[in-house]
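Keeping their order, the protein sequence lines are chains P and A.
Going by this note's numbering, the first sequence opens with residue 1, and the numbers climb by one from there.
Going by this note's numbering, the second sequence opens with residue 1, and the numbers climb by one from there.
Please note: incorrect hints may appear among the correct ones.
[What the hints assert, rightly or not] Cβ-to-Cβ under 10 Å is the rule here; a few derived chain P residues that face chain A:
#: 1; residue: Val41
#: 2; residue: Gln70
#: 3; residue: Phe74
#: 4; residue: Ala375
[What the hints assert, rightly or not] Only some residues are given here: those of chain P computed to face chain A with a beta carbon under 10 Å:
#: 5; residue: Leu27
#: 6; residue: Thr30
#: 7; residue: Gly65
#: 8; residue: Pro378
Rather than coming from a laboratory, the hints here were simulated on the basis of the structure.
Beta carbons are placed, not taken as given, at the ideal position from N, Cα and C, and that holds for glycine.
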Amino acid sequence: MAAANPAIHDVHDDHDHKPQGFLDRWLFTTNHKDIGTLYLVFSLTMFFIGGTMAMLIRAELFKPGMQLMQPEFFNEMTSMHALVMIFGAVMPAFVGLGNWMIPLQIGAPDMALPRMNNWSFWILPFAFLLLLSTIFMPGGGPQGGWTMYPPLALQGGVNVAFSIFAIHLMGISSIMGAINIIATILNMRAPGMDLLKMPVFVWSWLITAFLLIAVMPVLAGAVTMLLTDKFFGTSFFHAAGGGDPVMYQHIFWFFGHPEVYIMILPAFGIISEIIPTFSRKPIFGYQAMVYAIASIAFLSFIVWAHHMFSVGMPLGGELFFMYATMLIAIPTGVKVFNWISTMWGGAMTFETPMLFAIAFVVLFTIGGFSGVMCAIVPADFQYQDSYFVVAHFHYVLVTGAVFAIMASAYYWLPKWSGHMYSETWGKIHFWSSVISVNVLFFPQHFLGLAGMPRRIPDYNVAFADFNMISSIGGFWFGASQLIFVGVIIHCVYFSKQKATTQVWEGARGLEWTVPSPAPHHTFSTPPVLKPGMLAHDDVSH
Amino acid sequence: MAMISSVRRARRAFAAFALLAGGTAFANPQPWQLNMAPGATSISQRVHEVHMIALWVCVGIGIIVFGAMIYAMVKFRKSKGVVPAKFTHNSTLEAVWTVIPIIVLIAMAWPATKLLVDMADVDNSDMTIKITGYQWKWRYEYVDYYKKPTAVNFISTLDADSNRIRQPGSGLDPKSIKDGDYASYLLNVDKPLVVPVGVKVRFVITADDVIHSWWVPALGWKQDAIPGIINDQWTRVDVPGIYRGQCAELCGKDHGFMPIVVKAVPKAEFEQWLATQESETAAAKAAATAQVAPQPATQG
């Protein structure tokens, strides 16, 4: 093929070579940037669908008494909200960011397996079509929580088959994405881009991808056993047939805890890019940051039962999982201390990405504090399945993962679109989000400590005041995200301010050596690394 | 060490006093409640202590970490004309902030471990109550009392007032119902679990259909009720009173509507109650037998 001639290709590198037709461009794409964009747009769509469900939940919980919906529908909303946010919003957002940025950051022309990349994205819309369609089926969508504990989950109707098949598809998509990322990082780095010179974001994704490959098949196994229990007469989890409902929880959380870190490790990577940029100072303790991520990933495999302390484990089991869980605080602490040390002595400016990154460090740490508290088994006998836990995981997932995604969107949007976003509106979005998210989730700590269980559609009047405050915060936070969409649309289509190649004064790394917007094809010939080009030049650090 | 334990004893005594003085008012969820209540048993008070230790450790670390961050954000700004430093690591510092958290964690794990060992000790109980979770109610069986088997066995469900109000679109005011002076919406039952004060009660907990979780915050723990599995837990309630809780594991549409009420009464009162229940159960059984018995005669 003529296109295989590298000389010709190089000469035309500045011309985009984008496929012209809409379907050619997006449906048949093998370009990592376009697929990254698809993932990000999909993720944002799911964020709003899941967010709408959250608004309905908060509306029903606005005051005591059942005003808006049947309890069955409420359970459907809590279950679907979690599934959509985890598998539809957070995970695809990180895969999208990985697709866009990993080749740019390691100097690769594209992902290693571009056609598989297309497939792993295009499975997702169909998976979610299947999942969301259950809402309109007789009997409604899944109502047993996103964890789908049997025997309750098996009481569902047709939705059991649909949601399990959807989860299988999501798992296949994630595994293919992970294989692609590992193959890209290990094989396609530019000459001189040693593993310990890679940006922390690339490292975080390399480790996350291994987690994905390790645990997505475990989830697939667990839900397949649910499927055969429901439709083919097996008794894996039926006590009456000699099965064990607790076994499901062990298998599920063996997937579920690494899954939690799949949703936060890339966030650590993003924050480790942004803070040095806006501190104008190299990241503190680069190697320690990489080892901390690896330690957290390792520990994630030996702490799963802390999700089930009240299930009735033997004393020795409770103690082991308590100690192992507490250990996670150490590498996580290292990360937080290193971020602060990166800021220390820097020359900081506070553009929107930096604001989100700082909010991430503070609020994720608060989520980490409640995490350490939950590790303490006797106290967790009180916290477990209460709103304290709801507050905990929303602090790490919303002000953790989601804030990191938003920070990264502001950080790299100029590189993607070629325009600067509106800093004023970005800051308005930030302040509105950061205040409302605390109004939304902080009172939930109080509710849980006072004794309010999670996943209830109605509650005693003692819980009324904080629930109302939380709901107000929820509506406010939800509305604030419309500003985010506005800023993105404005930046991509209407902004007059052209972005420079460098975009941010303190930015280092290969992605800042290509023009803004990044051309359709980049690094068709590998870049030559020069001193000062990378954020982490000196391997001894 | 001796001083610490005497301080702790004093604190416990104070907590018990506060509980007695306030009755059980603070054992159940209160409007604007910010923190975990110390509860009604020595175990629940120790749970509260472990919780408070963890909370204050987190607050302390938070002040240091966020303080350093705020200081950095104020001091090291480009607008102040700072020239960025070049340092990229500091091995001593990194070792320090790896080791110190380990020490802090051990300090938190130690009391927690001791407490957990005590909570797991269900031996030497004076009575046994079997709890079975159903969609969406609880069955309580008084298996034995001081080694004497009893036949007392009843179902406990959401009270009729709450049930009327909680129907979607009922338009009724959840604030309108009270049990005593407690606004009891969704935290009241038709028939509470009655337990004696000062007696070590062993609970064996299971479920019949799906997984439930039996949670009364004032007792200091929750325990999942799982079909096919029998879990055990124990309590010794120190203060008479009414302690309210709820199912804590999603169990279907009425998960939010299967409350738990524990009524702790003095031992004598309990024994009287148990005797009454026994005779009522016996009478009910006799009546049932009497109804069934004539049938073969008419057939014959």
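A quick look at each hint next to the structure:
Checking P/Val41 against chain A: minimum C-beta separation of about 33 Å lies over 10 Å; hint violated. Annotation: interface hint on P/Gln70 holds; nearest CB of chain A at approximately 6 Å, less than 10 Å. With a least beta-carbon distance of about 8 Å to chain A, the hint placing P/Phe74 at the interface is held under the 10 Å criterion. Because the closest C-beta pair between P/Ala375 and chain A is about 9 Å apart, less than 10 Å, the hint holds.
Taking 10 Å as the C-beta cut-off, the interface hint given for P/Leu27 is violated, the closest approach to chain A being about 39 Å. With a cut of 10 Å, the hint placing P/Thr30 at the interface with chain A is violated, because the nearest CB-to-CB distance is about 38 Å. Interface hint status for P/Gly65: upheld, as the beta-carbon distance to the closest one in chain A is roughly 5 Å, under 10 Å. The interface hint given for P/Pro378 is met, as the beta carbon of that residue sits about 5 Å from the closest beta carbon of chain A, less than 10 Å.
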